[in-house]
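S.K.: Residues per chain are reported as follows:
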Amino acid sequence: MDEAVRKRLIEAMARTVIAHADELTELDRQIGDGDHGLNMKRGFEAVLEALPATAAKPLPEALKGLGTTLVMKVGGASGPLYGTFFLALGKTIPDAPTATTLAGAFAAAVEAVKARGKSQAGQKTMLDVLVPVAAVLSAGGADLGPRVRAEALAAAEATIPMKAMRGRASFLGERSIGHPDPGARSSALMIVAVCDAIGA
Amino acid sequence: MTRKPQVNVGVVIVSHSSKVAEGAADMVRQMVGEAVPLAFTGGNADGGLGTDVAAILAAIDRAWTPAGVVILVDLGGAETNSEMAVEMLDEARRGRVSVCNAPIVEGAVIAATEASGGSPLEMVKRMAEELSPQ
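Line by line, the protein sequences give chains A and B.
Its first residue numbered 0, the first sequence is counted upward by one per residue in numbering that gives the first Met the number 0.
Its first residue numbered 0, the second sequence is counted upward by one per residue in numbering that gives the first Met the number 0.
Excised from the complex, chain B in its bound form (with noise of 0.2 Å):
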């Protein structure tokens, strides 16, 4: 039996902190296993609490997929961050990478169930999205 080419929505966790992002990640993979790609990045260049733009561009690349990448934030500057990451990515890439209004870890754990089954990245999104009060 040939093995279905990988084409699931990826999941890209950011939050200030790496333990947050890594629980959260954990969570995920509980739930999906390896069915959608994941990556996390939590902390500042130095360390610290905060987010760092390049980790994210990092991450977002471990988790690529023609399918395109949702991203989960925590707070503020994950979220501006995450955008401008978003932002800075080449242009066939840009416009299959999404920043979630959502809860970090509810949202990160219901976008890769959706995921999981194979959804498109809008679907994905809006799942996810359906967290936050309007």
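If we strip away everything but chain A, and leave its shape as in the complex, we get (with noise of 0.2 Å):
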């Protein structure tokens, strides 16, 4: 992968979250501590401060600035859970991924972030967008990017009806219900992104 690639792809990312940051805020502050976008924002800009040095890497170092970026630079709980999901990403993706080596990448690290959550899908987090989209990545076929397109946008409305099992919102037992999770928004609007940047 080159060079304008990477960048394009880590930049559409950081921008996406940037653009965002008051929508996740307020996502946040209906059933959490109201910081989920600024500290999404926070990390995502310093991302991009770093980004001439980080695109300038192959993929794997690439994706392991990325998270190391953000598990020092976000703040919150999301920093250690990004950051751990974009080092084992870093850490099993090629170079040159292709549609299954990316599948399997993409799995190593949601199980990743699912150990450092202590979390599983069903529990209104982040891992409710990442387990459905690893599964349509898994699966392959045709038209491949715009059905994890899909599947990211659903699967983060599909924690509306959802009960908070981790995380601050999980305080809110039943009145967690009614609302998007913050970080099942904010993964599915970087997995668009990417989509977007390359063109899937």
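Hints listed in this document are in silico derivations from the structure and should not be mistaken for laboratory results.
Treat the hints with care, as some may be off.
[Said to hold, decoys possible] Each computed SDA-like pair below joins lysine to any residue, with the alpha-carbon atoms no more than 25 Å apart:
1) K117(A) with L74(B)
2) K117(A) with E129(B)
3) K117(A) with A107(A)
4) K40(A) with H19(A)
5) K63(A) with E129(B)
6) K117(A) with A53(B)
7) K117(A) with G94(B)
8) K117(A) with K18(B)
9) K63(A) with S118(A)
10) K18(B) with R167(A)
11) K18(B) with T24(A)
12) K113(A) with E60(A)
13) K56(A) with K117(A)
14) K162(A) with M126(B)
15) K117(A) with S16(B)
16) K90(A) with Q119(A)
17) K113(A) with D89(B)
18) K117(A) with P132(B)
[To be verified] Where chain B lies over chain A, by a calculated footprint (3+ residues, C-beta under 8 Å):
19) 28-41
20) 70-76
21) 91-98
Computed from a prediction, not measured in an experiment: that's the story for all the values here.
The C-beta atom is built at its ideal place from N, Cα and C for all residues, glycine as well.
Take each chain as given, in its own frame, and dock them per the hints.
M.R.: Structure follows, in structure tokens:
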């Protein structure tokens, strides 16, 4: 994968997170501590600052660099969670991924997030987007991009009727029902941005 | 009389709030004085509420002893960021630092009291965790 593509991918994720920071913060205000958008914005602004150096590296190292920046800069639980995702993705993905190697690396990264957050799908978290997207990637087939995009957005919406079992939102119990999960929403936004960036 | 070298387990307090972290540390000091290496951190890199992996790593460094370090945390992000920080330690230290599943203030005071008697890391952690319902 060439440097321009790496740059475009990472920049697309950063720009969408920053552009949606207010929306993410507002979602988090409903069922959390109201800092998800701010935290993610801080992290991805640091990602943009480091982007020339990050994108110059091969894809595995670039993703590890992205992960480390998020771990160090985000400041909420989403820092280590997203950081772990990209660190694990970088550990498994080759520099020129195919649909198959991407699916394998994505699945490994999702497992790492489960371990970091001691969580699984169905608990109203980012995993409720990451797990079904991993399944679509693993199944493969034609029109993968549009299907990944549709799954990510639908899966984030599908967190609305869920009751939060992890994180600050879980303190609300039944009152967490009726709101989308901010982490699921930010995951979906980033996945859509990547699909857009590679024209998938 | 030669002073016994410092071998007690250290305590690190990680809160979303620097005031909570500092206040909990004050309560620990009142209980154990200087007998236990103690460090605290609170707030994100911008000084707002949150936690900061780099600051947690620095706090572990300040409280480090060869006997190890226990970390007391408040809410989710403090725990996740502390576990991340532990994984980023070099291999020699990583196995000697443990995040406790315990309430931050009570856990810190009990852990430090236990540590001040020279108990090993596992015992210090267990005493703090007895405060949490299993």
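S.K.: Hints first: check each against the structure and report whether it holds.
M.R.: A quick look at each hint next to the structure:
A threshold of 25 Å between alpha carbons decides the hint, and for K117(A) with L74(B) the separation of about 14 Å falls inside it, so the pair holds. For the hint linking K117(A) to E129(B), the alpha-carbon distance of about 21 Å falls within 25 Å, and the restraint holds. The straight-line distance between the Cα atoms of K117(A) and A107(A) is roughly 15 Å, inside the 25 Å bound, and the hint therefore holds. Between K40(A) and H19(A) the CA atoms are separated by roughly 9 Å; this keeps the pair inside 25 Å, and the hint holds.
Distance hint between K63(A) and E129(B) is unfulfilled; the C-alpha atoms sit about 38 Å from each other, more than 25 Å. For a cut-off of 25 Å, the pair hint linking K117(A) to A53(B) stands: about 22 Å separates their Cα positions. Of the supplied pair hints, the one linking K117(A) and G94(B) holds, its CA atoms being roughly 20 Å apart against a limit of 25 Å. The hinted pair formed by K117(A) and K18(B) fails the criterion: a straight-line CA distance of about 28 Å is larger than 25 Å.
The suggested pairing of K63(A) with S118(A) holds, with an alpha-carbon distance near 22 Å, which does not exceed 25 Å. Distance check on the hinted pair: K18(B) and R167(A) sit about 20 Å apart at the alpha-carbon level, within 25 Å; holds. At most 25 Å may separate the alpha-carbon atoms for a hinted pair to count; K18(B) and T24(A) meet this at roughly 24 Å. At most 25 Å may separate the alpha-carbon atoms for a hinted pair to count; K113(A) and E60(A) meet this at roughly 22 Å.
With a C-alpha separation of about 31 Å, the suggested pair K56(A) and K117(A) falls outside the 25 Å cut-off, and the hint is violated. Straight-line distance between C-alpha atoms of K162(A) and M126(B) comes to about 33 Å, which puts the hinted pair past the 25 Å bound. Only pairs whose Cα atoms come within 25 Å are accepted, and K117(A) paired with S16(B) is accepted, the gap being roughly 24 Å. For the suggested pair K90(A) and Q119(A), the alpha carbons sit about 21 Å apart, so the restraint of at most 25 Å is met.
For a cut-off of 25 Å, the pair hint linking K113(A) to D89(B) stands: about 24 Å separates their Cα positions. About 18 Å separates the Cα atoms of K117(A) and P132(B), which keeps this hinted pair within 25 Å; it holds. Look at the stretch 28-41 of chain A against chain B: 5 of its residues bring a Cβ nearer than 8 Å to a Cβ of that chain, three or more, so the hint holds. Taking a C-beta to C-beta cut-off of 8 Å, the stretch 70-76 of chain A contributes 6 residues in contact with chain B, enough for the three needed, and the coverage statement holds.
For a cut-off of 8 Å, the count of residues in the stretch 91-98 of chain A with a CB near a CB of chain B stands at 0, and the three-residue condition is violated.
In this structure, the earlier hints numbered 5, 8, 13, 14 and 21 are contradicted, and the remaining ones agree with it.
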